[in-house]
Amino acid sequence: MEWDFRPEAVVTGEIEYSIYDFREDLWDEVRPYSDEQGFETIFWALYHLAIGYSHEQMAQQIQEQNQLNDQETQDQIEEFENLHELYEEDIGMLKAIIQRKILDYSEEGRDVFDDSSLSEYLLWWIEEVVESHDVNTPE
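Residue 120 in numbering that gives the first Met the number 0 is what sits at position 121 of the sequence shown, and the numbering runs on without skipping anything.
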(Lines of atoms letter the chains of each structure in order from A and count residues from 1; the text may use other names and numbers.)
(Lines give C-alpha, C1' and ligand atoms only; values in the text may rest on other atoms or scores of the structure.)
Protein backbone atom coordinates (compact mmCIF):
# COMPACT_ATOMS: atom_id res chain seq x y z
CA MET A 1 0.00 0.00 0.00
CA GLU A 2 1.08 3.56 -0.47
CA TRP A 3 0.18 6.59 1.60
CA ASP A 4 0.81 10.29 1.20
CA PHE A 5 1.81 10.48 4.88
CA ARG A 6 4.34 8.79 7.09
CA PRO A 7 3.60 6.41 9.97
CA GLU A 8 4.99 8.98 12.40
CA ALA A 9 2.09 11.30 11.52
CA VAL A 10 -0.32 8.58 12.65
CA VAL A 11 1.55 8.06 15.92
CA THR A 12 1.50 11.77 16.75
CA GLY A 13 -2.15 12.10 15.77
CA GLU A 14 -1.37 14.60 13.02
CA ILE A 15 -3.12 12.23 10.61
CA GLU A 16 -6.14 10.16 11.58
CA TYR A 17 -5.68 6.76 9.98
CA SER A 18 -7.50 4.01 11.78
CA ILE A 19 -7.24 0.25 11.88
CA TYR A 20 -10.45 0.25 9.82
CA ASP A 21 -8.81 2.44 7.18
CA PHE A 22 -5.82 0.10 7.16
CA ARG A 23 -8.03 -2.96 6.71
CA GLU A 24 -9.93 -1.31 3.84
CA ASP A 25 -6.67 -0.40 2.10
CA LEU A 26 -5.26 -3.89 2.65
CA TRP A 27 -8.45 -5.46 1.30
CA ASP A 28 -8.24 -3.26 -1.80
CA GLU A 29 -4.66 -4.43 -2.27
CA VAL A 30 -5.24 -8.18 -1.85
CA ARG A 31 -8.75 -8.49 -3.32
CA PRO A 32 -7.54 -9.17 -6.89
CA TYR A 33 -5.78 -12.38 -5.79
CA SER A 34 -7.39 -13.38 -2.50
CA ASP A 35 -10.74 -14.14 -0.96
CA GLU A 36 -11.91 -12.79 2.38
CA GLN A 37 -10.44 -15.71 4.34
CA GLY A 38 -7.05 -15.13 2.70
CA PHE A 39 -7.33 -11.44 3.53
CA GLU A 40 -8.01 -12.21 7.20
CA THR A 41 -5.04 -14.60 7.28
CA ILE A 42 -2.76 -11.90 5.84
CA PHE A 43 -4.14 -9.31 8.23
CA TRP A 44 -3.55 -11.51 11.30
CA ALA A 45 -0.03 -12.35 10.12
CA LEU A 46 0.76 -8.66 9.62
CA TYR A 47 -0.70 -7.85 13.03
CA HIS A 48 1.47 -10.46 14.75
CA LEU A 49 4.56 -9.23 12.91
CA ALA A 50 3.68 -5.65 13.90
CA ILE A 51 3.46 -6.54 17.59
CA GLY A 52 6.83 -8.24 17.51
CA TYR A 53 6.29 -11.93 16.90
CA SER A 54 9.23 -13.56 15.15
CA HIS A 55 8.75 -15.70 12.07
CA GLU A 56 9.73 -18.68 14.18
CA GLN A 57 7.16 -17.90 16.89
CA MET A 58 4.42 -17.60 14.29
CA ALA A 59 5.43 -20.86 12.60
CA GLN A 60 5.55 -22.57 16.00
CA GLN A 61 1.95 -21.57 16.70
CA ILE A 62 0.84 -22.95 13.34
CA GLN A 63 2.88 -26.10 13.93
CA GLU A 64 1.14 -26.67 17.27
CA GLN A 65 -2.32 -26.07 15.83
CA ASN A 66 -1.83 -28.18 12.72
CA GLN A 67 0.76 -30.75 13.81
CA LEU A 68 3.21 -29.85 11.07
CA ASN A 69 6.40 -31.80 10.57
CA ASP A 70 9.81 -30.10 10.69
CA GLN A 71 9.92 -29.40 6.94
CA GLU A 72 6.42 -27.92 6.93
CA THR A 73 7.36 -25.73 9.90
CA GLN A 74 10.48 -24.55 8.06
CA ASP A 75 8.32 -23.80 5.01
CA GLN A 76 6.04 -21.70 7.24
CA ILE A 77 9.02 -19.73 8.53
CA GLU A 78 10.05 -18.99 4.94
CA GLU A 79 6.50 -17.93 4.08
CA PHE A 80 6.46 -15.50 7.02
CA GLU A 81 9.87 -14.15 5.98
CA ASN A 82 8.54 -13.56 2.45
CA LEU A 83 5.34 -12.00 3.78
CA HIS A 84 7.37 -9.71 6.05
CA GLU A 85 9.51 -8.57 3.14
CA LEU A 86 6.53 -8.07 0.82
CA TYR A 87 4.49 -6.11 3.38
CA GLU A 88 7.28 -4.33 5.27
CA GLU A 89 5.83 -0.83 4.81
CA ASP A 90 2.34 -2.06 5.71
CA ILE A 91 3.70 -3.59 8.91
CA GLY A 92 5.32 -0.24 9.72
CA MET A 93 2.00 1.53 9.27
CA LEU A 94 0.21 -1.06 11.37
CA LYS A 95 2.81 -0.56 14.11
CA ALA A 96 2.06 3.17 13.99
CA ILE A 97 -1.68 2.53 14.37
CA ILE A 98 -1.01 0.26 17.34
CA GLN A 99 1.33 2.83 18.89
CA ARG A 100 -1.39 5.47 18.49
CA LYS A 101 -3.84 3.14 20.22
CA ILE A 102 -1.39 2.66 23.10
CA LEU A 103 -1.02 6.45 23.40
CA ASP A 104 -4.82 6.79 23.48
CA TYR A 105 -4.88 4.12 26.20
CA SER A 106 -2.31 6.08 28.19
CA GLU A 107 -4.15 9.38 27.69
CA GLU A 108 -7.22 7.76 29.23
CA GLY A 109 -5.17 7.51 32.43
CA ARG A 110 -4.41 3.82 32.14
CA ASP A 111 -1.05 2.36 33.10
CA VAL A 112 0.86 1.35 29.96
CA PHE A 113 3.44 -0.34 32.17
CA ASP A 114 0.88 -2.89 33.37
CA ASP A 115 1.71 -5.39 30.65
CA SER A 116 -1.22 -7.71 31.29
CA SER A 117 -3.84 -4.94 31.16
CA LEU A 118 -2.34 -3.41 28.03
CA SER A 119 -2.01 -6.80 26.33
CA GLU A 120 -5.61 -7.70 27.19
CA TYR A 121 -6.80 -4.31 25.97
CA LEU A 122 -4.96 -4.61 22.63
CA LEU A 123 -6.19 -8.16 22.11
CA TRP A 124 -9.77 -7.10 22.90
CA TRP A 125 -9.42 -4.12 20.55
CA ILE A 126 -8.07 -6.08 17.58
CA GLU A 127 -10.60 -8.89 18.01
CA GLU A 128 -13.40 -6.32 18.20
CA VAL A 129 -12.15 -4.70 14.99
CA VAL A 130 -12.02 -8.00 13.12
CA GLU A 131 -15.41 -9.17 14.38
CA SER A 132 -17.18 -5.88 13.66
CA HIS A 133 -15.54 -4.94 10.38
CA ASP A 134 -16.70 -6.66 7.21
CA VAL A 135 -14.49 -5.50 4.37
CA ASN A 136 -17.25 -6.26 1.89
CA THR A 137 -19.61 -3.81 3.55
CA PRO A 138 -18.78 -0.11 3.11
CA GLU A 139 -18.89 1.91 6.30
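Simulated from the structure, these hints should not be mistaken for laboratory data.
Model, not experiment: these values are computed from the prediction.
Even for Gly, the Cβ is constructed at its ideal location relative to N, Cα and C.
Do not rely on the hints blindly, as some may be mistaken.
To be verified - Straight-line Cα separation of at most 25 Å, DMTMM-like style, residue types lysine to aspartate or glutamate; simulated pairs:
| # | residue 1 | residue 2 |
| --- | --- | --- |
| 1 | LYS94 | GLU84 |
| 2 | LYS100 | ASP3 |
| 3 | LYS100 | ASP34 |
| 4 | LYS100 | GLU28 |
Stated by the list, open to error - Pair ranges (Cβ atoms, derived):
| # | residue 1 | residue 2 | range |
| --- | --- | --- | --- |
| 5 | SER17 | LEU85 | 36 to 44 Å |
| 6 | LEU67 | ALA8 | 20 to 28 Å |
| 7 | THR11 | ASN68 | 41 to 49 Å |
| 8 | SER118 | ASN68 | 12 to 20 Å |
Against the structure, the hints come out as follows:
1. The hinted pair formed by LYS94 and GLU84 meets the criterion: a straight-line CA distance of about 15 Å does not exceed 25 Å.
2. Between LYS100 and ASP3 the CA atoms are separated by roughly 21 Å; this keeps the pair inside 25 Å, and the hint holds.
3. Under the criterion of a C-alpha separation no larger than 25 Å, the hint pairing LYS100 with ASP34 is inconsistent with the structure, at around 28 Å.
4. Among the hinted pairs, LYS100 with GLU28 is consistent with the structure: their alpha-carbon atoms are about 24 Å apart, no more than 25 Å.
5. Evaluation of the 36 to 44 Å hint for SER17 and LEU85 yields a failure: the beta carbon distance comes to about 23 Å.
6. Between LEU67 and ALA8 the CB atoms are about 40 Å apart, so this pair departs from the stated range of 20 to 28 Å.
7. The hint said 41 to 49 Å for the Cβ distance between THR11 and ASN68, and at roughly 46 Å that hint holds.
8. For the pair SER118 and ASN68, the beta carbons lie near 31 Å from each other, so the given range of 12 to 20 Å is not met.
Hints 3, 5, 6 and 8 from the earlier list are contradicted by this structure; the remaining hints agree with it.
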